[in-house]
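Read off the chains here:
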Amino acid sequence: MRLRFSRKLLGVPYAVFLIFFVIIPMLVILFYAFTDKEMHLSFGNFIQFFSDHTKLSTIVYSLVIALITTAVCLAIAYPVAYILARSKMKKKFVLLLLFVTPMWINFVLRINAIRELLSWVGLLGEANYFNTIFGMVYDFLPFMILPLYTTMLKIDESLYEASADLGAGWLTTFSRVTLPLSMPGIASGITMVFLPSMTNYVVSDMLGNSKVTIIGKFIYEYFGTNWHMGSMVALILLIVVFLSTWLTGGFKEDETVRGANL
Amino acid sequence: MKAGSKKRIASLFLASVALLPTLLFTAGCSGEKVTVLRVFNWEEYIDEGGEGSYQYDYEVNEDGSAPPIIEDFEVWYEETYHTPIRVEYSTFGTNEDMYNQLQLGDTYDLLCPSEYMIMKLAAEGYLQPYGKEFFDPSVEENYYIRNVSPYIKNMFESNRINKADASNNATWADYAAGYMWGVTGFTYNPEYVDEAELKELGWDIMTDAAYRNKVTTKDNVRDSYFVALAILYRDEIEALDPAAPDYGTKLAEIMNRTDEETIQKVEAVMHEMDENIYGYETDTGKADIVSGRIWLNFAWSGDAVYAMDLAEAGEDEDGNETASTLLNFFIPEECANLWFDGWVMPKGANRQAAQAFVNFISRPDNAVRNMYYIGYSGVIAGEEVLSYVKDCYEVDPEEYENAEDVTSYDLSYFFGDTVEADSAVFYADVEQAEKRQLHAHYPTLEVTARCAVMDYYGEEANEAINELWSRIKSETLDTWAIVVICVGLVLAVTVVLLIIYGGKIDFFRLPPKKGYRRIRSESCKP
Numbered sequence: 001m002r003l004r005f006s007r008k009l010l011g012v013p014y015a016v017f018l019i020f021f022v023i024i025p026m027l028v029i030l031f032y033a034f035t036d037k038e039m040h041l042s043f044g045n046f047i048q049f050f051s052d053h054t055k056l057s058t059i060v061y062s063l064v065i066a067l068i069t070t071a072v073c074l075a076i077a078y079p080v081a082y083i084l085a086r087s088k089m090k091k092k093f094v095l096l097l098l099f100v101t102p103m104w105i106n107f108v109l110r111i112n113a114i115r116e117l118l119s120w121v122g123l124l125g126e127a128n129y130f131n132t133i134f135g136m137v138y139d140f141l142p143f144m145i146l147p148l149y150t151t152m153l154k155i156d157e158s159l160y161e162a163s164a165d166l167g168a169g170w171l172t173t174f175s176r177v178t179l180p181l182s183m184p185g186i187a188s189g190i191t192m193v194f195l196p197s198m199t200n201y202v203v204s205d206m207l208g209n210s211k212v213t214i215i216g217k218f219i220y221e222y223f224g225t226n227w228h229m230g231s232m233v234a235l236i237l238l239i240v241v242f243l244s245t246w247l248t249g250g251f252k253e254d255e256t257v258r259g260a261n262l
Numbered sequence: 001m002k003a004g005s006k007k008r009i010a011s012l013f014l015a016s017v018a019l020l021p022t023l024l025f026t027a028g029c030s031g032e033k034v035t036v037l038r039v040f041n042w043e044e045y046i047d048e049g050g051e052g053s054y055q056y057d058y059e060v061n062e063d064g065s066a067p068p069i070i071e072d073f074e075v076w077y078e079e080t081y082h083t084p085i086r087v088e089y090s091t092f093g094t095n096e097d098m099y100n101q102l103q104l105g106d107t108y109d110l111l112c113p114s115e116y117m118i119m120k121l122a123a124e125g126y127l128q129p130y131g132k133e134f135f136d137p138s139v140e141e142n143y144y145i146r147n148v149s150p151y152i153k154n155m156f157e158s159n160r161i162n163k164a165d166a167s168n169n170a171t172w173a174d175y176a177a178g179y180m181w182g183v184t185g186f187t188y189n190p191e192y193v194d195e196a197e198l199k200e201l202g203w204d205i206m207t208d209a210a211y212r213n214k215v216t217t218k219d220n221v222r223d224s225y226f227v228a229l230a231i232l233y234r235d236e237i238e239a240l241d242p243a244a245p246d247y248g249t250k251l252a253e254i255m256n257r258t259d260e261e262t263i264q265k266v267e268a269v270m271h272e273m274d275e276n277i278y279g280y281e282t283d284t285g286k287a288d289i290v291s292g293r294i295w296l297n298f299a300w301s302g303d304a305v306y307a308m309d310l311a312e313a314g315e316d317e318d319g320n321e322t323a324s325t326l327l328n329f330f331i332p333e334e335c336a337n338l339w340f341d342g343w344v345m346p347k348g349a350n351r352q353a354a355q356a357f358v359n360f361i362s363r364p365d366n367a368v369r370n371m372y373y374i375g376y377s378g379v380i381a382g383e384e385v386l387s388y389v390k391d392c393y394e395v396d397p398e399e400y401e402n403a404e405d406v407t408s409y410d411l412s413y414f415f416g417d418t419v420e421a422d423s424a425v426f427y428a429d430v431e432q433a434e435k436r437q438l439h440a441h442y443p444t445l446e447v448t449a450r451c452a453v454m455d456y457y458g459e460e461a462n463e464a465i466n467e468l469w470s471r472i473k474s475e476t477l478d479t480w481a482i483v484v485i486c487v488g489l490v491l492a493v494t495v496v497l498l499i500i501y502g503g504k505i506d507f508f509r510l511p512p513k514k515g516y517r518r519i520r521s522e523s524c525k526p
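Chains as they are written, first to last, in our numbering: chain A, 1 to 262; chain B, 1 to 526.
Do not take every clue at face value.
Straight line, CA to CA, 27 angstroms or less: simulated DSS-like cross-link-like pairs of lysine-lysine [what the hints assert, rightly or not]:
hint : chain 1 : residue 1 : chain 2 : residue 2
1    : B       : Lys132    : B       : Lys347
2    : B       : Lys163    : A       : Lys37
3    : A       : Lys37     : B       : Lys347
4    : B       : Lys265    : B       : Lys250
5    : B       : Lys132    : B       : Lys250
6    : B       : Lys163    : B       : Lys33
Far from chain A, by Cβ distances over 10 angstroms, these chain B residues were calculated [stated by the list, open to error]:
hint : residue
7    : Lys153
8    : Glu195
9    : Lys199
10   : Lys347
11   : Asp391
I should point out that these hints are in silico values taken from the structure, not numbers from a laboratory. Each residue gets a CB set at the ideal place from its N, CA and C atoms; glycine is no exception.
Next up, chain B with everything else stripped away, as it sits in the complex (with noise of 0.2 angstroms):
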């Protein structure tokens, strides 16, 4: 190629280059004014339609199709108020992620962390209340007010959101409404556990040595935080009184300790538990619990249930067939952890806008569509909701021969007024009721009345258990063996160092007197 074309190819790229961002915003301002919404959320945790999702798999719509929940709104929001929007999606994989992004000054309108993150936003200011409008439950489009579980309500109305500012008497629901919520426990496989045995041990299974490598748990400080404290104080959580009025305040009291006593004993309640689990994962166990490798997985109610259904289908997370097995679902009896995550507003965000899409989600169908796609229990009550639930999980007893298998389950604690009286308790098969699905999706309130919520622990506190964390994560290696393998090292340099310029140094002969040649001796040889 001759130089001149060269040079006609290099102007003509430039000249494009420099043309493009002209073009780019010819583009962007085509068009009239669109409202943008900013949503942040975890990943996979709504309705993205397509295949998996409830419209695909019930063909709601009479042409087939399964729009993402999020195009529904789109168009149901102008509609509604006569405006275009558009929503602007991204998502997060951790609450630091989501923290770590907004202190970096990314905005947004709605952001969904979970129940802590919220607590600790809240007292670092970042959060806007809602508005009054959106608590009234006389306009027709505040379908989350309108069909939020009573016992959600409560919960949020009841935990105030900063606990550190005793003059602050705000709540969760001023600034949070809720999405998603559920509990933890154990997945667990029948055929290698025992259940009597496991009611026994509870949360103390994850330091038996009869389950030496066959249970795992999260890996992520504060959820084996929350097991190791069970384990500590399982005397003075069991001495309790579940009947006590402030049996709840109490409990809550011991599962949220963070002072330094209680960080160094857990510090060795965490060491045991290292030594006999298999070990600590975020996305594995379930793979690992359905193909049998594992026998107990620490899982959040959502998961679980996952786990199980898969197990069931036997399938693997790839939809490979395996051997169909039952899993089941445990809540240790003693305590457990009951988490939410909710829709809150950054400063700045558009209330309107933000509201607007929290009822949305909330509508009850919508909450199905949601809770279909993510498997988890989301915070929406009402008809449609329930009939869903009884969908999946009511059973007719005439069909039962024998009476003992079927149990009467009791959700009205959950769906209140918000269906009609009585409708919320139905038959269910007792295996479903005490151990399977109907247990991790929905459990009673006999269970959720022992659970306990995490609370933000505050700066100091949660810096000395992420230290706490690291101890436990890494091997921890007294000086003199530091010393040791820091000499070996460079020690081992050095040879390294030798070899690699030793070419220049002849260090396995003298060098010859002054006058004579090097000559090799061996190769003189006749």
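Bound conformation, chain A alone (with noise of 0.2 angstroms):
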């Protein structure tokens, strides 16, 4: 038989990734989830982890502390992105860069830099949770600037003279406008920026001394000693991130904007 190469084929290295990096390791870790030591299976696990007050307080600390963070990353990058993107300036891309280029720069060296400044002012080792935010608002900053950026782009300027012409005022205009329209963008940024702010634990580390927990470490503790644990950690952080992506309508398919110039 002769192989026919199609186009087609060009998919298969991709699906080739996707089953043993993506797929697969997702069932380990359902295997591993619903399973004790002994490998049989069981809800053990599952059952302990909802009935163990300090798994659940961890959680519940985790969701807040990312949902303050990804509110303050709005607040900030929501004003930054309109007056970027409405600025009438030539070379507002070096504006944008400013805002951009510490994503260049390593991570841990830029948090190195943070905890420096905060011990200088005074800040590390007294308020620990503060700390945390301040370095995870620092640090995903422009994964909400740029989605919020690249939609409100997108615009059209008529939509605004539009607006103008028919009597609206700047609050009419904004919430009948500007607001609608930049709503993907506010959805992708709100996924960049919640997720990460809920697993990484060396910002919380690093700033909050490691009296901080937050889930990510949890996992990353449970995997030193008890994989099954760890596993199902796992697996409820990643429903609440499912549902999560769900609820800011992360799936919707008519959306081109999300991940834009990442």
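Hints given; two lone chains; assemble the complex.
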């Protein structure tokens, strides 16, 4: 039989990658989560997770930390993106670069710098939760600005003109034109900030002196001692992540801006 | 690009992918049969050659080369046993990581876990014992048994490997050969910490309000548990008589308690520690103590020596200049932890080659190389190691004006008969002997006698302690708080949803009546 090449074959490497690095690992996690030490099917981990105060508290704490981080990021990034997108400046990409270049510097280096800064101000070791959130906001801000900027850039100028022609004030224009049209950007910005800030324990370890425990650290520690519980926590996190992505409309297909420029 | 050429490129690509394994296979098969020794060790825990290695700094080799010790082993092995060997060297970050790798089915010939992990591995039947030939001192190449410190040897021979199984009389020595050892204590900055007060407080400094936010502990449960035990049972420990013959056994019993009541009490102590300390760390403590951000850092002796050297040289970890400060090391008088890392062979390992490797790195000159490179204290004694220690710390008493500044330092308990009689007693600076590098590097018998080894607690106790640890490390909320926050989150999500899909449901205004079109009233104003 003659092997015929079709374009579909080019998808094979991707499919192989998907199977080996996404689907199989997920199944392994699922398997570990619902087995006990003797590798018997068990719901013990599941029950233990939801009956244990510490674990529930940790997941609630990480949710709150992630939520605050996301809210602060959004509050800072939205006006910045708006001004950048609407300004008539010729070289506004320079401004954008100023916000984005930190992303190109090594993450650990940046966190170390923040650590020194906080220590200099005298906050290190004093306000662990504040420091953690501060570090996360600093770290994830570009991930919020970029999608917002790209969606806002796409809003047709004539829409603003039309809005003005029809006598809308700035507030009406904002609530009826800018906000609805930038929704996809907000949604992808939220997913991009919310998810890593639930798990990025390097920030909480470095800036919170390991006194702040978020769910990512929890998973890490369990994988040192008890893989089954670790997998269960990872699985629950996966569900939380899935739900929040779904809620913010991350699975909508008409969305083209998601991850733009990243 | 035309469709035809696209296809050609694709087929070329696929063809090369298909050929690749064949190429690799033939490359791997060429050459004669080579023994492979798979060594699994801690990160940065062996002489890796180049800058910072002993051979580099002292230009030992005539051509100035400083190869990694593993390369030297490969050469030595082939010269000695006339078979080529290749070492596959890989590293791990924690004992638990190593254990997981083993469980996943990775095979190795030689591992270097800490004492409690050795006990755990032995209890679970992972290990094979060393052969009798390894302990024959008449063989020239048996460098380990010929040079190991009598103190370490005795320690390895007197600790049973499986304490849970009374019928098993095997000791550490049967399954493990020592590599590095040390004690735990505090690196501290004498500028801020009063020595007399520190002596009085001991481990209690962890919970002392005067040192709030100025002391760190390790970010792992075993080390912190040990500290909490020492605080908890301080009175009992101090009531023991150090001169009594069963002092060591009694101390070890206290420092290895894992009964329910103890765990409960320890939890309270650890909460107190959690409130008081600056933070948990595994690596940042060295930089923080050097920079003066913290006053005391719970440290393993090797790390302490490293931090003291850095601070004294006036450098931070990246080699930038800072002000030179003198840091001290303090080993609490009531009790400290004595730890060992040792080489063990999993079942199925190549015993001959693994033993040869242990022997090679136990040759005193190689032991010095490793110690110099990683900064910890090796278990190997012998003339070369002693002269290295003396090079570092011995002083000439005649150079001192004040006789009180010099003291005689006795390490004969460690070097024993591996060196000439009395040569292990030398003059040292009193500061060095009492609170600086020498004190951390090679503590005297007086100090080590007050130290206890932490055993493997057993599966059940281990789990209880891990759970305790996660309770300490996480903020625990009351049920009502969890409920309130969860309800809040659900509300927040609903609001977000409403905002997102709000564009479709215009909830600010009623829909227009049938037959009418919606029109914006305000925009119709003249």
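Task: Violations among the numbered hints - done: 5 and 6
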